[in-house]
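Chains F and W, in that order, give the protein sequences.
Just so you know, we're using our numbering here: the first sequence kicks off at 1 and counts up by one.
Just so you know, we're using our numbering here: the second sequence kicks off at 1001 and counts up by one.
Note that these hints are calculated values from the structure, not bench results.
Since the model is a prediction, treat every value here as computed from it, not as a measurement.
Even for Gly, the Cβ is constructed at its ideal location relative to N, Cα and C.
Be careful, since some hints might not be right.
Said to hold, decoys possible - A few chain F residues facing chain W, derived, Cβ under 8 angstroms:
#1 GLN42
#2 LEU46
#3 ASN47
#4 ILE69
#5 GLN131
#6 GLN132
#7 GLY250
#8 ASP252
#9 LYS265
#10 LYS266
#11 ASN268
#12 ASP269
Unchecked claim - When the alpha-carbon atoms are kept at most 27 angstroms apart in a straight line, the in silico DSS-like pairs for lysine-lysine are as follows:
#13 LYS265/F / LYS1092/W
#14 LYS59/F / LYS1353/W
#15 LYS1290/W / LYS1307/W
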Amino acid sequence: MAEQDWKTNKRVFAAVSLPTLLWTILFFAIPMAIVWVYSFGQNAGLNEIDISGTLDNYKRATEWLYLGIFGKSFAVAALVTLICLIVGFPVAMAITFASEKWRPWLLLGIMLPFWTNLLVRTYALMIILGQQGYANKGLEALWGGASWIKTLIGLQPLPTWEPAQLLFNNFAVVFGLVYVHLPFMVLPLYAALDRLDRSLVEASLDLGAGHFRTIMRIVVPLAAPGIVAGVMITLIPALGAYLTPDLMGGTDSQMIANVIERQFKKANDWPFGAALSFILIYAMFILIALQSMRRKVPELH
Amino acid sequence: MDLNALLKQNRGRRSLLQALGVAAVGISFGGLAACSKGEGKKLANGEEAKLNFYNWDTYIGETTLDDFKASSGVEVTMDLFDSNDTLFAKFKAGNPGYDVIVPSNDFVERMIRADMLQPLDHAQIPNIKNIEPSFINVDYDPGRKFSMPYTWLVLGIGYRKSKVKTKPDSWKVLFDSPEYAGRIAWLSEAGDMFRLYGKYLGKSVNALTPADIETISAMMIKQKPNVKKFHEDDGQDLLMKGDCDVVLEYNGDIAQVMTEDDDLDFIVPKEGSQFNSDTLCIPKGAPHPKNAHAFINYMLDAEVDKKITETILFPTPNAAAKALMPESYRNNPVIFPPADILAKCEYAKFNEKLQPLYEEAFTKVRAS
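Please work from the sequences and hints to get the whole structure.
This is the structure in structure tokens:
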């Protein structure tokens, strides 16, 4: 019925969708088009860009230096997504199977970090992971305790504690990105698992499959759309991350978004920055296209 | 309905939220009303009593803006930026409504060339007489047509005294030695990094060639494993938190944290370094140019700049204000490094051709 309604009442439909459409054109399509046009230009003077139709920016953007950075960003984003999936799946399962009373609170726990600014969360994490941070203080206390026990039973004490390097390296970047992106993974997984027909799980268990086998053969295939959605929704923002590598990374932690940012600010080379951005956008388009082309999982009836 | 009555009506959580909502709406409308009242008021110079100031963080006296309001009636709105690049990128598409901005010397040059600054009317800034004469005729703005000097600063090494064996008086400790491996932080400004390496190699900061950039990149790649972080001008925080022990920073930034932690110190290496100067400018298209002139003149007043300097602890080019400052400031070797070292320091000129080369080479260093 609902479908019939808007087909017969085209005017109402148009009136309702017009503001959204205008908004999208004005604040998304047009700015993107401007950036796209910039990518075929070159700097002429300090604040003029001459649109000459040149492909030099793309040629430069596909040099090994930048391809290497794209490759590294993709590897980091893929690793982050994988860790989010491994950590997020049991969490989503736990929320699904939790009692009605607890479920909203668990979901709230997942959502809560969203209500705090990313910058604040990142700085908070930096305070914890720093050289004099709480993580290191905790480890030092454990180390001291172990050393004390060793002397107690007559052994040599442990060597003096050297603070662990938890911040300003690639580990910190991956850790920070997992922390930030975990909710993006858990929520679609939860949505998929929540719709899952429980009787299939019960049937599997009744017919003698173990818990692990039931998860791998029944739950995972049925939750596949949620897994794919979660992977996409985690991978794409992780690929474009720039704040976390900037603040928590070390000297070799730059990702492609950091390079793009520098083109617009420090290097003052907007055309080249635009070309890099569009290569990143094309890469994401390809990811989304691959997702929509994937073979449909046969539906169980 | 009165807010209190609303609150008393029902003490449930939801109604409290409603009351808070009402309060928020009330405050925002009240605020708007206050704003519109201010708009109606005109000053004797024909401008509304407002000024939009775009400044660096921790770069003003505690009461400077309130004092200015008390003396002139002009309400100053201050926004903060964290790098000249942000400032330039923001003005590239046109002035977003600021009256006074604080670019550094090389960006003054860049913004003059890009026609982004408005010439200053010296008749409206009589306090220019307070400025030390050596700061009036400068290469980047001869005769101070577009900018008034606010502070000057010099790059050097900030360090934790208890963690170094000897005073790190050469760029070698940062640039070319594994002595402090894993405890070093560099500045993430490509241009500054290449120019200071040039200084270490005995070259002028303004005489680098593309071949030098190649040599320096190779040196940077060799030293990079010893470096912990390329910081965004927050090296003082890395020192304070103990994440790094030798950092490349500006003297004023280290002087600020030295008041909180007396284990910190700063030195300008013997090879010489790079000067910077932050200046007060009026961008083209400023909505309140007369207020802007009055504000700049106020900032150059001896007493006012003294109060600012007491807070920010940067070297001031204002001779009259410096004379009012206590001995502990005037003879502070961090704020005013020894003259023989300063003689080896230079201002960097803006170089349109080299800047992209610096950036690409530094991206390469980061990627290696």
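Hints and how they fare:
1. GLN42: violated, 11 angstroms
2. LEU46: holds, 4 angstroms
3. ASN47: Given a least distance of 5 angstroms, the restraint on ASN47/F holds.
4. ILE69: Holds: closest Cβ of chain W sits about 6 angstroms from ILE69/F, inside 8 angstroms.
5. GLN131: Cβ of GLN131/F sits 5 angstroms from chain W, so the hint holds.
6. GLN132: holds, 5 angstroms
7. GLY250: holds, 6 angstroms
8. ASP252: Holds - the Cβ of ASP252/F comes within 8 angstroms of chain W, reaching about 6 angstroms at its closest.
9. LYS265: Nearest chain W Cβ about 4 angstroms off; hint holds.
10. LYS266: holds, 5 angstroms
11. ASN268: holds, 7 angstroms
12. ASP269: holds, 6 angstroms
13. LYS265/F / LYS1092/W: holds, 10 angstroms
14. LYS59/F / LYS1353/W: Within the cut-off at roughly 20 angstroms; holds.
15. LYS1290/W / LYS1307/W: holds, 24 angstroms
Consistency with the previously given hints fails for number 1 only.
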